[in-house]
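One letter stands for each residue in the lines below.
There are 2 protein chains.
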Amino acid sequence: MEQLIQRSLSEEILDKTMMLFWEKGYFNTSIDDVTTVTGFNRAAIYKYFGGKDQLFLAMLQRFRKNVTDVVTVPLQTKTNGLKGMRDFFNQFLELYESKGLKSRGCFLISTAVDVHAHNKDVAAFIKDFLDDLRALFQNLLVYTRDEGMLKQGVDIGSVTDFLVGNLFGLMTLCRSSAPRQVFENHIGGIDNFISGLSAK
Amino acid sequence: MEQLIQRSLSEEILDKTMMLFWEKGYFNTSIDDVTTVTGFNRAAIYKYFGGKDQLFLAMLQRFRKNVTDVVTVPLQTKTNGLKGMRDFFNQFLELYESKGLKSRGCFLISTAVDVHAHNKDVAAFIKDFLDDLRALFQNLLVYTRDEGMLKQGVDIGSVTDFLVGNLFGLMTLCRSSAPRQVFENHIGGIDNFISGLSAK
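Residue numbers (our numbering), protein chains in the order written: chain A, 155 to 354; chain B, 155 to 354.
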């Protein structure tokens with residue numbers, strides 16, 4: 155049984171479980187799907203993971219640590235300024251195929267879009283994620299303004315929300331059947347917008 | 155039984171069923187949920203609606219006819235030009251509470267985001283919807299350009315995709331727990347963007 159616990163915690167199995175929920179979402183993933191991926195039976199999943207809800211939350215946390223925290227690196231250093239925001243969005247062009255963004259999008263944003271159907275723990279986790287995301291954009295914009303590099307009259311709160319809305323758009327668009335070109339043009343539009351925030 | 159069929163087709167019951175799928179999506183809506191809303195038992199649903207899949211597709215069609223085709227009115231007359239696009243997006247400020255956009259978004263876009271998990275009929279329906287949506291934006295932009303009212307150098311295909319991406323963002327953002335202000339600021343950003351397409 156010890157061996158089973160070890161296996162339950164293996165990175166590979168956890169990654170496969172995360173991918174399953176990422177792709178299919180909470181409501182379209184059954185415990186049977188999880189048993190197929192992990193090789194456990196139902197009783198083992200309930201015993202070692204604590205049930206579907208706790209497993210789902212653990213996979214959200216795993217995604218945030220292993221995916222989101224890596225992808226947001228360009229936003230994490232405020233001195234990156236507007237370039238950090240452009241790098242953040244433009245990296246998705248490369249991640250689209252290579253990291254399977256296509257048809258998957260962002261696990262946290264997909265969950266945010268269904269958040270009313272989730273429990274309080276998931277709702278609180280998603281709220282933290284969205285608050286932190288806003289703060290990242292805002293920090294870069296405040297730095298840019300303080301350095302005198304932001305165009306006069308730009309409202310930082312409004313721009314932050316516009317970028318959050320665009321990230322929702324981008325991450326949901328790539329789950330749809332819209333061709334890659336639409337996704338590229340959306341990123342191009344965001345890139346133009348951010349460039350346009352620069353003081354001349 | 156005739157009476158039952160009549161009742162099955164009543165607008166009220168169809169609307170309630172549509173709302174159910176709109177709010178909860180295909181995968182989080184069970185046949186039990188539908189029986190609760192419609193008052194039918196399972197057998198009646200299978201007999202008169204043909205099963206969950208056909209019922210879902212019928213509700214998507216109903217949404218397109220009764221909701222989407224009404225909401226896109228400002229986009230349907232190409233002579234509305236850029237103003238038509240601004241009116242289209244700005245109307246969501248009013249619809250947010252009054253028509254329950256909040257926490258529901260757009261049934262068709264929510265389905266588009268999960269389209270890989272749906273059957274061919276749903277996928278084809280969603281593709282048509284997205285193609286038609288693109289065409290609406292494009293027609294207005296082409297008219298605006300032909301009238302000499304579009305800023306030089308604007309690429310119509312790119313702008314169309316950017317607007318589609320923003321509509322995905324807006325319609326998914328309002329299903330999340332992000333406050334109304336974020337939604338308003340996203341619309342404000344879209345409005346600024348469209349205004350900026352105008353020839354001086």
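Read the hints as simulated data drawn from the structure, not as lab findings. Be aware that a few hints might be false.
Treat identical chains as interchangeable: a pair holds within one or across any two.
Below, simulated DSSO-like cross-link-like pairs (lysine-lysine); rule was C-alpha separation at most 30 Å, straight line [stated by the list, open to error]:
no., residue 1, residue 2
1, Lys237, Lys274
2, Lys354, Lys281
3, Lys178, Lys206
4, Lys354, Lys219
5, Lys232, Lys178
6, Lys354, Lys237
7, Lys256, Lys178
8, Lys201, Lys281
9, Lys206, Lys256
10, Lys256, Lys281
Please write out, lowest number first, the hints stated earlier that are contradicted by the structure.
1, 2, 4 and 5
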